[in-house]
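Chemist: The lines below spell out each chain.
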Amino acid sequence: MLFNGLNRWLGVFTLIFSAFLAFYAIPNWVYSPSNIRNIVLSPTFWPYVLAGILALAGFALIITKQTPTSDGDTPDIGGMLPYVRLVVLAIIMGLTMYLLPRLGMVWTTMLTFVATAFFFGTRYPKAAIISAVLVPLILYAFFAHVAGVAIPQGNFVRLP
Amino acid sequence: MSFYDSILAGISLVGNVDAFLSLFIGIVVGVIGGAIPGLSATMAVALTLPFTFPMQPINGILLLLGVYKGGIFGGSIPAILIKTPGTPASSATILDGYPLAEKGQAGKALGMALWASCTADVVSNLSLILFAGWLASFALNFGPPEFFALIFFSLTIIAGVSGDSLLRGTLSAVAGLILATVGLDLVYGTNRFTFGDSNLMGGLNFIAVLIGLFAIPEVIAMAWDPTGHLGKARSLGKSWVTFREYKNSFFSIIRGSVIGVILGSIPGIGAAPSAFLSYSEARRTSKNKENFGKGEIEGVAAAEAGNNGVAGATLIPLLALGVPGDVITAIIIGAFMIHGLQPGPMMFVLNVDIIYGLFIGLIVSSVMLFAVGSVAIRAFRYVADVPKRILMPAVLVLCIYGVFAVNNNIFDVGVMFAMGWLGYLMLRTRIPAAPFLIAFILGPLLEDNFRQSMLMSGGDVAVFVRGPITWAFWTFSLIAIAAIYKSVRTAKTA
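One line per chain: the protein sequences are H and Z, in this order. Residue numbering for the first sequence is -7 to 152, as defined by the working numbering. Residue numbering for the second sequence is 134 to 627, as defined by the working numbering.
Computed footprint of chain Z on chain H; a stretch qualifies when at least three of its residues, placed anywhere within it, have a C-beta under 8 Å from a C-beta of chain Z: (1) 37 to 49; (2) 80 to 93; (3) 114 to 125; (4) 128 to 134; (5) 139 to 146.
It is worth saying that the hints were derived from the structure and are not from the lab. Don't be surprised by glycine CBs; every beta carbon is placed ideally from N, CA and C.
Based on the sequences and whatever the hints tell you, model everything.
Modeler: What follows is the structure, encoded as structure tokens:
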């Protein structure tokens, strides 16, 4: 394998990202008035400095002593199933974002609660369903009626 | 305002049921949060933050301080019972706490942890009261160059929260600094990385970033391995700590408290190194040194005194200089800002009632911690029984409500999810999240003070070494960098 160390992988990615920042992102996405006399006062100065430090960090990561790519903290579970589960959770989060303005926060979060609890394989389905109903309702009651936050109600069923 | 006037102003602010109830609830939430492995005191503080929005500033901040203090103690409960520290600060407690639990003396270990924690908490709070005001009056002489030098020095705290790799910690910090540049330019008001989206013009919401970085990765980690958390709690046993045992460990407790105060008042060192240093000092000087690591009650006392001694002291740089001492105080800075308060020397002039109100609340918190902790020790079996596969969906829903409530903006929920995936990626690649958050907070302050200094001096960089205060901070920075370099070299040769 060409790159067998975690730091080297990170270093290469960091160098590519710093080059992207310096040569594309900052020139195109950071706007600077044309009449600035002192370069250090320009809105682009600080991002360029950070891109430079990022490049240095990336370079240092590449040349430094390598550490194995296996993760020490997160258990190493074989097979593709964990990755599939991550994709499913990402879909649940994406659907939550899609439904929040349409169904309203209370109904959406109830569905999100049930979906994640069963997706994680809860051994207490009744408790999960009861919690899925109660937790969003209690939070709605607090934020809407105590904190005065305008919780999105959605287009269908509206709560008092 | 005289000292007595300040105290009276503080009493008038917190001398009501709401303030003490907030503190009490905070401690209960903190102990529960710290006692649930995987939830941690940091996440508990982050999740509690949105609930402070409708509260009076003093009550909201007392609630968070209660969570902080409760969380640090709560972490010792699973450390002793199931060998899993609820917070990193409790790691040293395992060394003797778990062997005691194996001998059927978990109740004794937990009791000593509580006594030592409360004693250290009192020492730490007193040091805060004595030193924060003095430091703040000194900091009133600071201008932008002095603050720039101070914040630069504070960024060296990243070394303390970088975990096993300083380089990955640096990478994380630079990423945080870059993310902090999103929004309108501080001087000219031009767009930086906003892509024409009005949601990005005010910069990324701090709460969305911090909850995304610290809470959501735990939910994602649950998807990666839904059964990894399964374990079994131990019974408490019938043996309880005696006053004689407390008296025998008292010197270790006081020494651990002082170590905690000193290390806690230096930004970035945190509770875990303090606990280990206190533990190793206790082992070095104890009459029972051969019993350490096999279930020595003095070891539990020293470790807990070391980590709780930090809890009040980390507020010294926060209140006096506006610089977070660790990641939890970084979150608490967010609470100050949300309530329109700017921690730092001017707060001792403009909001002295809040400062003294906090001091009074903190003193009371030690007593409350003792009461809540005594009950929590017995109730842990119920806390441990909360099924994590129901807890994590609840955390997810709580995050959604909490982040939305900051600005009434669904966009912030999207930012939180995005930061959650970034946080999980960082977790998997062992890039620490704490430097990212600290740099995200300090980044705008660093840039703002840099540019203000340059505007003041007409572009002359000599302004950054204009007086003894700046020289002192540059010297501290050089010493810190040299110490970091030395520790990295030592680690490489070991």
